[in-house]
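A.B. asks: Sequence:
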Amino acid sequence: MTTWKVERMAQIADRLWSVKDVSEYLGVPVHTLYAWRSAGTGPPGRRVGRLLRYRQQDVRDWVASLSTEVA
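Heads up, the sequence shown is in full-length UniProt numbering, so the first residue is 1 and it goes up one at a time.
Hints may contain errors.
[To be verified] Cβ pair distances, simulated, as ranges: (1) Arg-47 - Glu-24: 16 to 22 Å; (2) Val-6 - Gly-49: 26 to 32 Å; (3) Arg-46 - Leu-66: 29 to 35 Å.
To be clear, the hints were calculated from the coordinates, so they are not data collected in a lab.
Idealized CB from N, CA, C, for every residue including glycine.
Can you build the whole structure from these sequences, using the hints too?
C.D. replies: As structure tokens, then:
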């Protein structure tokens with residue numbers, strides 16, 4: 001991971017994540033997150049007004065559940 005990515009992740013560590021934040025964290029395009037949401041898969045997101053936001057722990061728990069399913 002590049003230095004700017006590490007710095008960026010440190011900056012967003014203590015707040016709700018945007019779609020862009022989650023896409024950077026997971027390494028997937030933004031449109032993939034929207035497709036997963038439409039399909040009912042992917043990390044759970046919440047609407048805050050008109051914006052889609054993700055709790056960090058929800059994203060991490062979702063990633064952990066993927067590892068469990070594959071094993």
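A.B. asks: Take the hints in turn and mark each one as holding or not.
C.D. replies: Now the hints, each set against the structure:
In this structure the supplied range 16 to 22 Å holds for Arg-47 paired with Glu-24, their Cβ-Cβ distance being about 20 Å. At about 30 Å, the CB distance of Val-6 to Gly-49 agrees with the hint of 26 to 32 Å. A hinted range of 29 to 35 Å is violated for the C-beta pair Arg-46 and Leu-66, which are about 20 Å apart.
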